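2 protein chains.
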Amino acid sequence: MGRLAKEQEIAERLGVRYLTGPATHSILFSFVTLVASQERYDRMLTSALAKGFTPENSEFLALDNRNANRFDGFDAMRRALVEARGRYIVFTHDDIEFTHDGAAELEARLDELRALDPDWTLAGNAGGIGYRRGKHHLAVHIDDPHKLGLRVTQPELVESLDENFFVMRRNRPVVNSYDLEGFHFYAGDLCRMSEIMGGRSYVIPFLLSHHSGGTVDEAFPLCRSRFERKYRRYFVGRNLQMTVAEFRFGLAGMCEGWGETPKSRWDFLKRNVYAPERSGVDDT
Amino acid sequence: MGRLAKEQEIAERLGVRYLTGPATHSILFSFVTLVASQERYDRMLTSALAKGFTPENSEFLALDNRNANRFDGFDAMRRALVEARGRYIVFTHDDIEFTHDGAAELEARLDELRALDPDWTLAGNAGGIGYRRGKHHLAVHIDDPHKLGLRVTQPELVESLDENFFVMRRNRPVVNSYDLEGFHFYAGDLCRMSEIMGGRSYVIPFLLSHHSGGTVDEAFPLCRSRFERKYRRYFVGRNLQMTVAEFRFGLAGMCEGWGETPKSRWDFLKRNVYAPERSGVDDT
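If you read the sequences in order, they're chains R and F. In this text, residue positions in the first sequence follow our numbering: the first is 6, and each later residue adds one. In this text, residue positions in the second sequence follow our numbering: the first is 6, and each later residue adds one.
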């Protein structure tokens with residue numbers, strides 16, 4: 006009895022919390038959005054409320070880029086993960102609009118996905134299925150300026166996702182790379198990390214409108230090059246289909262990685278992958 | 006003015022939170038421990054309090070395995086990440102004891118590490134530096150039953166860490182694989198994920214006592230085999246030194262991965278990596 010009292014005492018004194026199961030969720034959806042334009046974001050919010058995303062089932066985290074880029078695409082999910090309370094973390098661009106499906110549909114589509122594959126990690130509305138023999142296979146379910154009316158009828162297994170909209174579970178998280186940055190390929194990066202971790206990515210039939218057809222700006226070629234230099238080491242012999250690009254990784258990464266050490270990897274990152282602003286070294 | 010009021014209205018109605026910087030920390034250290042034995046855990050807690058880890062600077066999360074293995078090593082950090090409030094998440098075994106260094110020393114060692122390498126992701130007290138030409142290079146700073154008195158004098162860059170004690174920053178998280186399980190290699194898994202993400206792992210001169218010399222039980226060979234089958238695909242041509250094992254990955258993973266797709270990877274996992282018990286995973 007004396008010993009039991011003493012045991013309880015130290016754990017109580019330190020306020021130990023005994024965890025016996027998974028994290029609980031006080032809310033269903035945690036939206037996280039890189040907000041550059043208040044006008045676009047308000048259009049998204051207004052449409053969200055109209056389609057059933059209310060304070061009862063959703064919270065909205067705005068990564069405030071209205072006056073400056075405080076956050077980039079690679080910061081977003083890791084910033085959200087320690088802030089969100091929802092069961093699902095839903096990343097969106099600020100220029101999407103819920104014109105068709107809403108909260109009930111999203112919950113239903115994710116329930117269907119879980120029934121199909123309990124180990125899913127990422128779900129979105131556009132992605133690459135594969136790139137083989139010069140042919141591009143994509144799965145897309147979206148209304149956007151391309152006006153192609155593309156649809157899927159069931160969850161489609163993909164190897165990349167488009168950044169405009171994607172979902173992960175808070176208790177099954179995937180975190181972005183630390184050695185990439187900017188506003189391209191961060192959903193693709195998440196899909197690579199997810200696959201390495203043993204997860205899988207899907208395009209689900211959840212329909213919204215994206216008011217942009219995809220931006221290929223002056224940063225795109227460098228982002229593409231860095232993504233390739235990074236992932237060809239880890240996916241030797243792999244082809245990769247994204248919505249905006251495709252890769253054939255081949256053998257180059259194996260040559261770069263042979264006999265690798267943490268130190269040699271660090272040197273490689275400094276020469277080839279880090280942004281110049283981070284290392285002060287020009288890319289080669 | 007009317008438009009501004011309307012804009013504010015939708016964001017206010019939905020309770021939007023605008024995030025403008027990194028997450029704040031209400032406490033310095035979040036300890037997370039797989040607790041199988043109350044007696045051992047209380048010994049650790051008592052020593053922690055004596056060495057300056059108090060409710061003012063620390064919280065203690067106990068993953069409750071006292072009656073059953075509710076959590077394994079691969080669950081721990083992802084369970085802690087959504088629960089912890091500290092700046093640092095400190096994983097420990099329940100059979101460590103703070104016999105030498107304490108809170109002030111740990112904070113100082115981590116400050117020194119950040120000054121040396123701001124991109125560090127993981128820090129521990131024992132790990133593998135490298136495995137080359139048949140030679141095992143380790144960095145160890147611990148008191149344990151082996152009684153070797155091994156020490157480091159500065160942070161040492163390593164490619165793996167021992168599970169008894171390791172630290173990561175809450176705003177720079179690394180998450181364990183979903184396709185491995187059990188009680189071996191989970192710190193090694195974290196180091197592999199960390200390296201892929203662009204982070205780095207270190208052994209730091211923070212001294213504690215570990216009352217076990219490492220357990221090689223009947224699960225070890227299978228865990229070792231699964232770890233190897235998984236990571237030889239992503240680290241073609243790499244040697245890897247752990248505290249309890251070493252690997253020469255060679256070319257086998259490249260052959261397995263050539264022309265890989267998400268579907269072929271899934272099939273590979275089902276055949277070679279998943280534990281039989283995982284076929285009926287509950288979603289939570």
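Bear in mind the hints are in silico, worked out from the structure with no lab data behind them. None of the values given here were measured: they were computed from a predicted structure. Where hints are given, some of them may not hold.
[To be verified] Below 30 Å or equal to it, Euclidean Cα-Cα: the simulated DSS-like pairs (lysine-lysine) are:
#, chain 1, residue 1, chain 2, residue 2
1, R, 140, F, 140
2, F, 140, F, 56
3, R, 268, F, 268
4, F, 56, R, 140
5, R, 275, F, 152
6, R, 140, R, 152
7, R, 152, R, 56
8, F, 140, F, 152
[What the hints assert, rightly or not] Taking beta-carbon pairs under 7 Å as the criterion, some of the chain F residues facing chain R (in silico):
#, residue
9, 164
10, 183
11, 203
12, 263
13, 267
[Claimed, not checked] From chain R, some residues computed to sit far from chain F (all C-beta separations above 12 Å):
#, residue
14, 29
15, 51
16, 122
17, 141
18, 153
19, 165
20, 177
21, 203
22, 204
23, 224
24, 228
Cβ atoms here follow ideal geometry from the backbone N, Cα and C, with glycine treated the same way.
Structure-based check of all given hints:
Between residue 140 (chain R) and residue 140 (chain F) the CA atoms are separated by roughly 47 Å; this puts the pair beyond 30 Å, and the hint is violated. At most 30 Å may separate the alpha-carbon atoms for a hinted pair to count; residue 140 (chain F) and residue 56 (chain F) exceed this at roughly 37 Å. Only pairs whose Cα atoms come within 30 Å are accepted, and residue 268 (chain R) paired with residue 268 (chain F) is rejected, the gap being roughly 34 Å. Simply put, residue 56 (chain F) and residue 140 (chain R) have alpha-carbon atoms about 63 Å apart, too far for the 30 Å limit, and the pair is violated.
Between residue 275 (chain R) and residue 152 (chain F) the alpha-carbon distance is near 39 Å, which puts this suggested pair outside the 30 Å criterion. The hinted pair formed by residue 140 (chain R) and residue 152 (chain R) meets the criterion: a straight-line CA distance of about 22 Å does not exceed 30 Å. This hinted pair checks out: residue 152 (chain R) and residue 56 (chain R) have alpha carbons roughly 22 Å apart, not beyond 30 Å. With a C-alpha separation of about 22 Å, the suggested pair residue 140 (chain F) and residue 152 (chain F) falls inside the 30 Å cut-off, and the hint holds.
For residue 164 (chain F), the interface hint holds, since its Cβ comes within 7 Å of a Cβ in chain R; the closest pair sits about 5 Å apart. Checking residue 183 (chain F) against chain R by beta carbon gives a least distance of about 4 Å; that is within 7 Å, so the hint holds. Among the interface hints, the one on residue 203 (chain F) holds; its C-beta lies about 3 Å from the nearest C-beta in chain R, closer than the 7 Å criterion. The restraint placing residue 263 (chain F) at the interface with chain R holds, with a minimum CB-CB distance near 4 Å, inside the 7 Å limit.
A cut of 7 Å between beta carbons decides the hint on residue 267 (chain F): the least distance to chain R is about 5 Å, and the hint holds. For residue 29 (chain R), the shortest C-beta to C-beta distance to chain F comes to about 10 Å, within the 12 Å cut-off, and the non-interface label is violated. Non-interface call for residue 51 (chain R) relative to chain F: violated, since the shortest CB-CB distance, roughly 5 Å, does not exceed 12 Å. Distance check on residue 122 (chain R): its Cβ comes as close as 9 Å (rounded) to a Cβ of chain F, failing to clear the 12 Å threshold; non-interface status is violated.
For residue 141 (chain R), the condition that its CB be more than 12 Å from all CB atoms of chain F holds, with the nearest at approximately 14 Å. No beta-carbon of chain F comes within 12 Å of the beta-carbon of residue 153 (chain R); the shortest separation is about 24 Å. With a least beta-carbon separation of about 10 Å from chain F, residue 165 (chain R) fails to lie farther than 12 Å from that chain, contradicting its non-interface assignment. Some Cβ of chain F comes within 12 Å of the Cβ of residue 177 (chain R); the nearest lies about 7 Å off, and the non-interface call is violated.
With a minimum CB-CB distance of about 3 Å to chain F, residue 203 (chain R) fails to clear the 12 Å threshold, and the non-interface call is violated. Consistency note on residue 204 (chain R): stated as away from chain F, yet its beta-carbon is not over 12 Å from all of that chain's, at 6 Å minimum. Listed as outside the interface, residue 224 (chain R) is consistent with that label: its C-beta sits roughly 19 Å from the nearest C-beta of chain F, beyond the 12 Å cut-off. No beta-carbon of chain F comes within 12 Å of the beta-carbon of residue 228 (chain R); the shortest separation is about 15 Å.
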